[in-house]
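Visitor: Since each chain comes alone in its own frame, lean on the hints to assemble the complex.
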Amino acid sequence: MDFSVVVEYFPRLLEGAWVSLQLVLISIILGGIFALPIALARISPVGWIRAIPFAYIFFFRGTPLLVQIFLVYYGASQFDAVRESILWPILKEPFWCAIIAFTLNTSAYTAEIFRGAIQAIPHGEVEACKVIGMTKTQMYRRVLLPRAFGIVLPAYGNEIILMLKGSALASTITILDLTGMARTIIARTYTPMEIFIAAGAIYLVISIVIIAIFRQIELRQNRYLGTLSIKVPDKG
Amino acid sequence: MIDLHGFGDQLLQGAVVTLELALCSLFVGLILGLLGASAKLSSVRVLRWIANGYTTIIRGIPELLTVLIIYFGATSVLMAIAGLFGYDEYIEVGAFAAGVTALGLTFGAYATEVFRGALQSIPKGQHEAATALGMGPIRKLYRIILPQVWRIALPGLGNLFLVLLKDTALVSVVGLDDIMRKANIAVSSTKEAFLFYLVAAFMYLALTIISMVFVSFMEKRANRGLTRG
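Going line by line, the protein sequences match chains X and A.
Residue 9 in UniProt numbering sits at position 9 of the first sequence; the count goes up by one each step and never skips.
Residue 138 in UniProt numbering sits at position 138 of the second sequence; the count goes up by one each step and never skips.
Next up, chain A with everything else stripped away, as it sits in the complex (with noise of 0.2 Å):
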């Protein structure tokens, strides 16, 4: 067996770290995706601006980048909006915070192309029938509109959700918890690195699969409605 000098416990804590801010990160993400879609598709022009701006600049700046000026940034953004309140004490982002918003916002401008595309697909018609059988916008978006998008979706989030597994690695880099500064921790103390990195890359490699499993059984579950020809 491999020996990791005690250090076993404080990787599978740093696992769990991980997967918290991953399924976090998801959480925002996916409610950033869905409103970006929307916008992109609305008539309001200055709504589609804002969603284009967004998801240019967040898909052509490195997740690496974005981290980083969350995490430094939104400190003193923070602080000086607070200080038109006439609060002036120091305010402090913390890593998992910054990473959240920072993975979150990364996740939200992909997935809206992702929902984009779906509720394009939807076609017409059907918008056309569940007017017709006298539902509101709102009733049509979460009886029709959003279990199909569901169904469209599911593939590219899914892919979505790995390159976003990848990328919580990168908040180590700001100081959280994760995986990847757990590993860094052992091998300061223990100079074995190349096994603590490649212990750490088989962890991630083991949520990659397990998140791989759990995507194709949601997948089968959102597809349970079509009769396969």
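The following block holds chain X by itself, in its conformation from the complex (with noise of 0.2 Å):
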């Protein structure tokens, strides 16, 4: 093996690393701004709002995200009418096609943790809210939400390392994300396993990174805790 491609096409790979990162924080922002409001659906005490959002979440965390890409880039085109509405100038173009089809996947299992957040809760916390008087609205907003947060933190750091490697799927559409790119680069040098290998260790930095960041947040929003495992760092 020679690695010295590698060296010559690195910066076309950083490049691609900050297509498939865009991609990422992107959905993950939408779809976290989608998942709350589905959450809640899901827990609703009304039989028929649960089910929507039940169905909704089965669907995209039941069928592989390459289908639902697929979907989204090929399926649209397949309408005259979406052809000719107004939002062709976006559908049309892969990278934004990416973003819906990983938006839809993530918000549905973000939705999933935030649920499971919200009912870990220990019940008495939501009747002692109730006993001060609180609002259904300030509950959520001043003991439910903040606690939830800190609970979900684990969970959503993975969910941000699966969406990283689901945006590799993004290459498939013709996107020139990390993956995409490699595979353009190959296609040029054929040194599969040199670009490859070298992709998927910039994968590993960003995964490692990722987790890296996540355990910081969750030293501090669990900081009140007191955890004995949780060092307290000095403060000088």
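For the record, the hints were derived by calculation from the structure and aren't laboratory data.
Treat the hints with caution; some may be incorrect.
[Claimed, not checked] Computed from the model, here is a short list of chain A residues facing chain X with C-beta under 10 Å: (1) 173; (2) 192; (3) 196.
Built from N, CA and C at the ideal position, the CB exists for glycine as well.
Guide: Right under this line is the structure:
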């Protein structure tokens, strides 16, 4: 194996990595925003309100991300109505199709994580809020959501890593993300092992950085717990 | 009824390939997972390093990249090895074999963690009791430890299988004739992308539901020795 191609094409790979990061960041932010109402509807006491997010979550968690991307990218253009609509400039761009598919996908997973976290809060805290006389909005804003945020962090970190790995599928709809860039370079140099291993290493580094960032946020968010295993840094 | 333009049979054939791929990868992955978990809990430091490196790398890079690396890389690796033995014909690795290897490796890495947790959750007293009864390490493993590990690991493994089932779609990228590729073929000849990808999606959904039912049946079976409190 000859790793000089890696050195030569490393800047291109980094360009691809930047596209991957953009895909992940935008979809995670949009997905997080959509996930909250979905999660809240999922735990609604009204049966039919619960059913809609249930079906949504079941579909997006039960089918491959690849199918979802193809449905948005190739599927949408099957209809003339879509091609003539004002949304077409967005739907013909592979980048935005990937963002739409990733956002729909990650919002389903994130909604389940949020739901689990909200339901994991001890019932006594909900009762305490009611006893103090908080309205439902106050209860969610002041107690349940901040608490859920702390509980959610480890699972949410995992979801971001999964999204990073899922973002490699963007390469199947001609986006030059890290994987797409690697495949383009390989088509020119025909050195699959070297370039793929380099791309894998970059993914690995990004994952490790994300894990480290989340560990820091977790320590901060859960600092009130005072768990012995969590080391409190000296404030000088 | 939906008009599939005669591609219905093709899609069903694809579903069979998808299922075969998933089951073969599951088999490889379970073995790798057990080996990985044993290595992680081993007292030999080198084995622990290897197992940690394996799970960290596989879990940190995209499944699609793993599939591509195995598909394009296995050929050159195998040819290099064969070259050492003086065999220099071209060796081709098929999409199915590459898929089983890549998905098996991925499943194995995640299953390692599931098995490790299950192995560690078995009280030390049971190991001691088995040894006290005069069981050797192998008999202890398959009579006492593995049946319980199976029960504890099953929910985790079931989830991993659902992930694996969806990951099989990635192997269509290197040309395996699974549901996804059959759908691609149907789309390129009929231009009805939304229809066929939606049908493909519901086929995966159906496979997912069948797997969920099967896993919950297995869980009930595995837990039959426990009294419900």
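Visitor: Determine for every hint whether it applies to the structure shown.
Guide: Structure-based check of each hint:
no.	hint	result
1	173	holds (6 Å)
2	192	holds (6 Å)
3	196	holds (9 Å)
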